[in-house]
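Enquirer: Sequence:
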Amino acid sequence: MLGDTMPWFLPLFVFGLFGWIFYESIEKFAIRKNTDLWKKALAVVRWLPPVQLFWMLSNRIFSLVQRDLMYLEVAQYLGPGDFSFTDLKLLITGDGGSELLALTVVLFALYSERLPSLAKGRDDFRLRFRNRLMMFTGLLLITSSAVLFPESAYYSPSTLPTTPIGAIPAWATIVPLVFFSSLTMFGGELFAVSTLFFAGDNFQTLARRARYKVLIIAFSAIIWLSFTLHNHENWSQQI
0 MLGDTMPWFL PLFVFGLFGW IFYESIEKFA IRKNTDLWKK ALAVVRWLPP
50 VQLFWMLSNR IFSLVQRDLM YLEVAQYLGP GDFSFTDLKL LITGDGGSEL
100 LALTVVLFAL YSERLPSLAK GRDDFRLRFR NRLMMFTGLL LITSSAVLFP
150 ESAYYSPSTL PTTPIGAIPA WATIVPLVFF SSLTMFGGEL FAVSTLFFAG
200 DNFQTLARRA RYKVLIIAFS AIIWLSFTLH NHENWSQQI
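Anchor point for the sequence shown: position 69 equals 68 in numbering that gives the first Met the number 0, and the numbering is continuous, going up by one each time.
No lab work stands behind these hints, which were simulated from the structure alone.
Treat each hint with caution, since some may be false.
Only pairs whose alpha carbons sit at most 25 Å apart, straight line, appear in this in silico PhoX-like list of lysine-lysine [what the hints assert, rightly or not]:
#, residue 1, residue 2
1, LYS27, LYS119
2, LYS27, LYS38
3, LYS32, LYS119
4, LYS39, LYS27
Ranges of calculated distance between the beta carbons of each label pair, as one might list FRET restraints [said to hold, decoys possible]:
#, residue 1, residue 2, range
5, PHE226, TRP37, 48 to 56 Å
6, ILE30, GLN65, 19 to 27 Å
7, THR162, PHE61, 16 to 24 Å
8, ILE164, THR194, 32 to 40 Å
9, PHE82, ILE30, 47 to 55 Å
10, ALA169, THR194, 36 to 44 Å
Glycine included, each C-beta is placed from N, C-alpha and C at the ideal position.
Input sequences plus hints: build the corresponding full structure.
Expert: The following block contains the structure:
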């Protein structure tokens, strides 16, 4: 598995997320230095998390196509045999789902300066908005890393199942991750705008839209939970 073949990969990913949290300070230092080396270093800091997430997804796709039984979820849900396109469901409902949505979130943060609502905004405000959204995204991904990127998804256990233990997880398993990623993106917009004072009407329009989106997502999550956690006696275990 990825963590076994490249033990440095996940620590580097965490390091990259910390780079996003402190990106604005790193950028200010790089601007003062004003050298090509620091410009390239800024590009590396920006693109390291999305490139690594893309590598994680590619590695997971190869494991599914090859039916690599050294991967825990392949051994658990697929077992030996030939690849079928239905196996790709596991890419979304399995460990790859969190990687796919995390990649969506980080790309949204990277390209947030190009949002239509900010098209007429000043360049410096747009860049500061992107930097604040990167900080928010990096912080949330790090604090939730134990759930989104569990060790079992990247390191081989001491023993693997010899036969599949059940069917591929249902599509509903991805719903909480969709809510989380949506709240990260649009909550991040709200956070970024709230830190930019006197940024102009464009940013206020973005803030108003972000508030509506966060409220809609939160309300949808409550409705979904009300239907999902139907057993009041063990609702905490279901969460």
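Enquirer: Give a verdict on every hint.
Expert: Results for each hint:
no. : hint                        : result
1   : LYS27 / LYS119              : holds, 24 Å
2   : LYS27 / LYS38               : holds, 11 Å
3   : LYS32 / LYS119              : violated, 30 Å
4   : LYS39 / LYS27               : holds, 14 Å
5   : PHE226 / TRP37: 48 to 56 Å  : holds, 52 Å
6   : ILE30 / GLN65: 19 to 27 Å   : violated, 46 Å
7   : THR162 / PHE61: 16 to 24 Å  : holds, 23 Å
8   : ILE164 / THR194: 32 to 40 Å : violated, 47 Å
9   : PHE82 / ILE30: 47 to 55 Å   : holds, 49 Å
10  : ALA169 / THR194: 36 to 44 Å : holds, 39 Å
Hint violations for this structure: numbers 3, 6, 8, all remaining hints satisfied.
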